[in-house]
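Protein chains in written order, with the UniProt record's numbering: chain C, 1 to 241; chain S, 1 to 366.
Some clues are possibly wrong.
[As the list claims (entries may be wrong)] Each computed DMTMM-like pair below joins lysine to aspartate or glutamate, with the alpha-carbon atoms no more than 20 Å apart:
1) Lys17(C) - Glu210(C)
2) Lys277(S) - Asp16(C)
3) Lys12(S) - Asp129(C)
4) Lys235(C) - Asp195(C)
5) Lys219(C) - Glu196(C)
6) Lys18(S) - Glu89(C)
7) Lys365(S) - Asp66(C)
8) Lys73(C) - Glu215(S)
9) Lys27(C) - Glu210(C)
10) Lys221(C) - Asp201(C)
11) Lys171(C) - Glu160(C)
12) Lys361(S) - Asp129(C)
13) Lys362(S) - Asp58(C)
14) Lys18(S) - Glu95(C)
15) Lys130(C) - Glu13(S)
16) Lys72(S) - Asp85(S)
17) Lys365(S) - Asp58(C)
18) Lys235(C) - Asp215(C)
19) Lys12(S) - Glu215(S)
Read the hints as simulated data drawn from the structure, not as lab findings.
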Amino acid sequence: MAITIISINDVSKSFDKQLVLKDVNLKISEGRIIGLIGPSGAGKSTVIKIILGMEVPDSGTTMIFDKKMPNRKLLGKIGYMAQTDALYEQLTGRENLKFYADMKGLTKQDAVKQIKHVAQVVDLVADLDKRAGGYSGGMKRRLSLAIALLGFNQVLILDEPTVGVDPALRKQIWSELEKLKEEGKTILVTTHVMDEAELTDEVALLLGGEIIADDTPTKLKQTYQVDSIEEVFLKAEAQQK
Amino acid sequence: MRTLMIAQRVIKELFRDKRTLVLMFLAPILILFLMKLVFSVNSQTDVNVATVNVNTSLNESLDKASHVSVSKYNQTKQAKKALNDKKVDAIINYRNNNFYVEYSNVDASKTKAIKLALNSTLLSNSAIQMRHQLQKLQLALGIPVNKAVSASKPKIYNSYVYGSSKTNFFDKIVPILMGFFVFFFVFLISGMALLNERTSGTLSRLLATPVKRSEIVFGYMLSYGMIAILQTLVIVLFTVWALNVEVVGSIFYVILINFVLALVALAFGILMSTFAKSEFQMMQFIPLVIVPQVFFSGIIPLDTMANGVKVISYILPLKYAGDALTGIIMSGDGFEQIVTPILILLGFLVILTILNVLGLKKYRKV
Chain C
1 MAITIISIND
11 VSKSFDKQLV
21 LKDVNLKISE
31 GRIIGLIGPS
41 GAGKSTVIKI
51 ILGMEVPDSG
61 TTMIFDKKMP
71 NRKLLGKIGY
81 MAQTDALYEQ
91 LTGRENLKFY
101 ADMKGLTKQD
111 AVKQIKHVAQ
121 VVDLVADLDK
131 RAGGYSGGMK
141 RRLSLAIALL
151 GFNQVLILDE
161 PTVGVDPALR
171 KQIWSELEKL
181 KEEGKTILVT
191 THVMDEAELT
201 DEVALLLGGE
211 IIADDTPTKL
221 KQTYQVDSIE
231 EVFLKAEAQQ
241 K
Chain S
1 MRTLMIAQRV
11 IKELFRDKRT
21 LVLMFLAPIL
31 ILFLMKLVFS
41 VNSQTDVNVA
51 TVNVNTSLNE
61 SLDKASHVSV
71 SKYNQTKQAK
81 KALNDKKVDA
91 IINYRNNNFY
101 VEYSNVDASK
111 TKAIKLALNS
121 TLLSNSAIQM
131 RHQLQKLQLA
141 LGIPVNKAVS
151 ASKPKIYNSY
161 VYGSSKTNFF
171 DKIVPILMGF
181 FVFFFVFLIS
191 GMALLNERTS
201 GTLSRLLATP
211 VKRSEIVFGY
221 MLSYGMIAIL
231 QTLVIVLFTV
241 WALNVEVVGS
251 IFYVILINFV
261 LALVALAFGI
271 LMSTFAKSEF
281 QMMQFIPLVI
291 VPQVFFSGII
301 PLDTMANGVK
311 VISYILPLKY
321 AGDALTGIIM
331 SGDGFEQIVT
341 PILILLGFLV
351 ILTILNVLGL
361 KKYRKV
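Isolated chain C (complex conformation) (with noise of 0.2 Å):
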């Protein structure tokens, strides 16, 4: 059995009343592509934020390698991909990576190596020195996906890193997430494209607040003896009404 990365542990949250978690149960072992599926407003986000530790959970934990979140030295290990692109538009490429990988706290030499090799993986060699705000949607997509690659991450949380990116690159983008798997990263991805899940080792199935599934796509299919994620999904959001 592999050892467990992350763990989400009874987890509810509510803002302004409403409840938005319900009770959230999760286990992400090493190694592993995890996709968190759901609708808008289901609270991938939350999830999301409440392992970085931004939120609090109002009962249940959150654990990162076996430590307790909110823990701001842990951040260190993690990448985060928000859904937001959130550059600094005044500043090229380079500028961006450059502040990024100070922020996470890497030396002179290992950022300069890193951002040569994220650029590569996202494509933006040539735009480097361009600023960030002169960027199409799809290169302001791949630069965050690349700020977020930066440092010596042992999760990666990616909030939908694959809107507005052409297919082409989003085969390169999975390949690259696929890599970065067997180097031994942990990566959860939230996506709204379900052919993108068939891609991950693991579902999990974010509906009201709930984690109604959670097995690798072939099992879920199994279950819901349907062919694709897709009809999973659709079938699980039928049974919950």
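Assemble chain S onto chain C, guided by the hints.
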């Protein structure tokens, strides 16, 4: 040193935003220059007075009074018409041993000038008359005319502790204006900058790295502190060299006060941006935060205000900066006098900074 990196990034961003730079450095200069033009008129108002039924000697001496010109009318009706046509600013009517003065009162300062001129003329006229009568009496009694009485009246020699006879309202408000510009622009631009970080999501992303909340606040303080020093230098040098405003005390102290004030403005801007959801909402703080400070900064003399109202000024940072700057520039206050306002400003700074570090908890719980 994440603080340094954040400061470096904020400065880099700011220097690439040409419009904001121009706003920070050229706008205060432009406004100061315009205010100099507007307020530099040494408060001399020329008035025209119509007189009806007033004797010649009074007419003449009134006409001799500086900035007053007299036109004589035979009938009240004509004088009234002149008043309505705005040709004259007042009518002086002499009836039954009394003066009846009707003012147009469109410009309060003109009304005041006429009142002053009329009073002093009447006073000196009666003095002259008394002297004439005294001389007549002395002649009639055969007493030689007293030299002391006929001697010319004493002249007045003016000297000024600050400035010269040309000192005017502009000189009075310039120290406060200096502080105001530093406060206003740093407040607005730093508040906007942090608001932008919140709305664009870069703040949450920044907080998803191991950075400390205090490092973010200090990074902003460092960068805007440096910008504020630059801005103060530009404003001070411009007022001293180009606008010829005399600084009695040390220019270094002027910069020191402005620097501390800028840090307070920065902390204030960051704090206020916590309560704003958009740039538009940030602008809404201007009437709430900036305008009251202008009223109580000393531009309007505080000693004329009611005591209850004056208390409000003690919670406004700009008042302390305004007092200290006025002291340095106009009376050459040294370190002993400005140390109290500096300490109070630093007190504001410490409280606001703590609130800011705590305020960021909204975005990350550690």
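List of violated hint numbers, smallest to largest
12
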